[in-house]
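Engineer: Just need the whole structure built from these sequences, with the hints factored in.
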Amino acid sequence: MNPAGIPLKEPSVSAAAGDTEQFERALIDASTRVPVLIFYTSAVAWLILGTLLAGFVSFKLHTPDLLSDVSFLTWGRVRPAHMNVMVYGWASMAGMGTAIWLMARLSRTVLRYPLLLVAGAGFWNLGVLLGLCGILLGDSTGYQWLEFPSYAAIILFVAYTLVASWAVLMFRFRRGEQIYITQWYLLGAFLWFPWLYAAGQLMLFVVPVQGVLQAAVSWWYANNLLFLWFGAIALGTAYYMIPKVIGRPVYSYHLATIGFWSYALFSSWTGMQRLVDGPFPAWMVTASIAATILTLIPVATVGLNHHMTMQGYFPLMRYSPTLRFTVFGAMSYTVFSLVGILISLRSVARYVNFTEASVAYSHLGLYAFFTMVIFGSMYYIVPRLIGREWRYASLIKLHFWASAYGIGLMTLMLLAGGFLQGFSMENPSLTFSESVESILPYLRGRSLAGILLTVSHFIFAYHFGLMLLGLGRKSTVPTFLNPVEAEGAEAHI
Amino acid sequence: MKGLAPLFLGIFGTFAFSWVGLTLIPNWQIGHLNPQSDEEGTDIYPMPQSGMVQWGAHVYAANGCVYCHSEQVRADYAGADIERKWGDRRSAPRDYIFERPVFLGKMRMGQDLANIGARAPGEETSPSPAGAVPAGASVSGGTNPAASPGATAGAPGGASSGAKQSTSPAAAQAQAAPSVPSASPAPQSAASSAPSPPKSAPGASPAATAVASAGSPPPAPPSGLASPSPGAMGTTAISSGAQPGTATAPSSGPQIAGAPWPLQTVGLPPMYSAAWHHVHLYSPRSINLDSNMPSYRFLYHTRRISDARSADALQLSGSDAPPEGWEIVPTYDAKCLVAYMMALNQSHPLKEVKSAGAAPGASPAASPSPASGGQPPK
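In the order they appear, the protein sequences are chains S and E.
Okay, so the first sequence: first residue is 0 according to numbering that gives the first Met the number 0, each after it adds one.
Okay, so the second sequence: first residue is 0 according to numbering that gives the first Met the number 0, each after it adds one.
Hints in this document: simulated from the structure, not taken from any laboratory.
Yeah, the Cβ is synthetic: ideal placement off N, Cα and C, and Gly gets one too.
Taking CB as the label site, the calculated pair distances span:
| id | chain 1 | residue 1 | chain 2 | residue 2 | range |
| --- | --- | --- | --- | --- | --- |
| 1 | S | V33 | E | A4 | 29 to 37 Å |
| 2 | E | D37 | S | R345 | 33 to 41 Å |
| 3 | E | A307 | S | V454 | 50 to 58 Å |
| 4 | E | H300 | S | V157 | 36 to 44 Å |
Below, a sample of chain S positions facing chain E; criterion: calculated Cβ distance under 10 Å:
| id | residue |
| --- | --- |
| 5 | I134 |
| 6 | Q182 |
| 7 | F431 |
| 8 | S432 |
Structural biologist: Encoded structure:
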């Protein structure tokens, strides 16, 4: 396990060997341009649509009469539409784009079979579009994150098969014996997702399990999607981006191994804690609560590993957009897991089980953790595909702060509101409407946070659009958030 | 990590472990339950759903009701569900064996609906297989406008409802009688409620007291009940002031029916009857001013009255009412949705679950006897 074997230990443009390597990398990057950009562009389009839907959902929740007379704009349809657009449209597509690029780079081979990917992206978009229309027209299935009607689900699955078979092929053609940490996570994600999705679809729609087990399968699916698909992609990306940007190998390979396997083992067993005290055998819930608590192990090892890698290099976050977003995301992973543990404990779940606190939890995972890491990777990857640098450092800064404050505020509002709502709900001397009323101010606060996020996404989309149009800066130096004062400041601080 | 084999095996192994452990084993354990029945093979529970109910479940899913309403009652040690009268025993896997999809829900921006059908006043429209609750009960619950928890407790206690009854079928009959007396406790309880926080509309209370049918079980078809005078309807607002949402009638006994969440209002159909659900879906805030539920008007048609008002036309008042000569009727989807709700009823006892009623200790207030009504919420 000597760190020299890790491909990321970057000989920062010194040796002659560096030139060949750089050239090679440029070739690989170029080969990924079309498919990755297709994925990214679609993802950003879905992000904007999902954001608009989210704002609508958020406002309608405290203003129930807003446009409620139109069937396809009723809250109960727009909400799943928002969630699914974000989950399958934005997060999955952006995640796949990043994963494809990383896979090509880490396999050190030019991307083969780009058509598979282009077709995959096309079908995926079609699937999400059909699913979205299905939900709005009243075909939702009613299972969390599986609301897409079956005709959309099948198309998604076909699309996914194309992408996954590409990934496995690429992996076969890889050069070099070493399999880097990021590849473990990506391979895991690519192999887990189809199994998970197929199992969810089969057990809920094709050969439905009986009664309450449907709810169990649905939560098992939703939680594993969060951890084993989104979480795995995000962690893999962070393991690549952090060392890459600061030019220093990962602190400990052993820790990474422990982190990966404990992550795969424990986080896949979570999910049932969301059913606490429901009509289930107690062991299921207890097993998931135990697994949730045990996720402290991957959280601690991954967190420690990243922290030690960054040790001494934190000031670089002042300059590198990628690093800033990625580190924010990696830290949110810790917060996300801790909140998850907190709200899964029986004594706490008793209060917050049926409240907005669980929404805060999903947003922490899907936004503060996953989305921020993916934003970071996009800031790194897009210039390498297009050959231009990001145009405005100020826009990147605005994007970061609006996102960071937006998601922070949203999480606080929903957590505080959720706890309050839960306490009043569990106090039978208060009427039920009081429990609902107690959270309304927080929901308005959440709408405010939503506005911040909307602003940040529009800024990002605009900036991304500029890049697509080739309006980025022509420069050999990446766009830094703040001017780098001294030469070599980014090398060691 | 060198070597692919361990990586692939590990990736598959960990996930297979979770898949088997969290879906296959539970499926083996509770995935093949049968309805229960007594020794003679009668009194079967639960029963398969009717076609309308199944389509109603589809409408429920399509319009996202599940994002605000749960359908599960937690045990008394795990939450206040039973104290809030959402049921008189915890839900068990067997309750759901015929439901597809199952809407356990994970959010309560609205009431729990596991027993909404059990709260219905009479048999009438309810397709619920289990056969729902006798009439009278819920109505009485509605009586006090004060809405305060205490109050509700009072009334309902006496009237007790379906759930309770069903727990012990025999008892059920008996209960009819108690409902009458409930009228009397009501006032007191109302008084007691004074300290309670509800922001009831000021004037509202006393007058509003629709009280009404407390004693008289209204088995009449929903529309039949049609409220008295349109004029009366105006008063509706009141009820809402009363703050129904609160359903929560905190305190007392196991009677579900009594737990009026929205209170009975003058001029409205009996609470939790099919006709009432239609009005509520069409205009939630005409029943409960503080309701946070969107209206579902797109599930209803407005049409010109041809000969006579049709039987299922909504009894609306105030600004919601259609112009003269017009009426508002539910679509088939709306009817199915209401049929679905009326079929939600877990009041039948299950062998594997002890009912709160059977365990007086469970919560003091919960004591089974009708008398419990008077108890103040704790």
